[in-house]
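For the sequence shown, the residue numbers in the numbering used here are 1 to 184.
Hints in this document: simulated from the structure, not taken from any laboratory.
Heads up, some of the hints might be wrong.
Straight-line distance between alpha carbons at most 30 Å, and here's what the computed DSS-like set of lysine-lysine pairs gives [what the hints assert, rightly or not]: (1) K94 - K134; (2) K165 - K149; (3) K160 - K149; (4) K160 - K94; (5) K160 - K134; (6) K134 - K165; (7) K94 - K165.
Since this is a predicted model, take the numbers as computed values, not measurements.
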Amino acid sequence: MTQQDAMDEVAFRAFDLLIRTRNVLVTAESCTAGLIAATLARVPGMSACLAGSFVVYQIDSKVAWLEVPAEMIIQHDVVSLQVAETMAVQALRKTAHATIAMSITGHLGPAAPEGLDGVAWLGFAGAGMAVSSKQFLLEVDALQSEPDKRSLFVRHERQKAAVVKSLAFLCHRLAEQGRVRLTS
1 MTQQDAMDEV AFRAFDLLIR TRNVLVTAES CTAGLIAATL ARVPGMSACL
51 AGSFVVYQID SKVAWLEVPA EMIIQHDVVS LQVAETMAVQ ALRKTAHATI
101 AMSITGHLGP AAPEGLDGVA WLGFAGAGMA VSSKQFLLEV DALQSEPDKR
151 SLFVRHERQK AAVVKSLAFL CHRLAEQGRV RLTS
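Whole structure, please, built from the sequences with the hints as guidance.
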């Protein structure tokens, strides 16, 4: 199965669960730069349950558009549980017709701070639900790429891996909320 196949498969599962749980999702994306929403939008009918996405790639955008406190970013780093959760909460607050929000912030490399290369945080918020987050590592076999294109390859593969992991997390949270059993 290709990475694109995996992205499409989990997007279809997310769509099914969004419909079954009657939720409308908004995303706030940093390191994926809108790829989560774009992947979901490939599914026919997704407009019924995808409100849209805040693509907040720069720190200034997180502060201005989602009102993530600059002090929080300074204290905890832009890639942190606190920032991911705040991004989700603020995206939900700013999108009145959405019922749930998911956010992602991460370091894709190659110039990530020591020990944070490939680290990402997801945030999840929903009306009447506890805010939650999850950290994961985006591992890629860089040796599969040409040496002069390695950093581009790694970033692209990490973005795709982040989409799959993010949507799998969304499916898990939706299944918990709707007490739905996940298949496969």
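Verification of the supplied hints:
no. : hint        : result
1   : K94 - K134  : 22 Å, holds
2   : K165 - K149 : 24 Å, holds
3   : K160 - K149 : 17 Å, holds
4   : K160 - K94  : 27 Å, holds
5   : K160 - K134 : 17 Å, holds
6   : K134 - K165 : 10 Å, holds
7   : K94 - K165  : 25 Å, holds
Violated hints for the displayed structure: none, as all numbered hints are satisfied.
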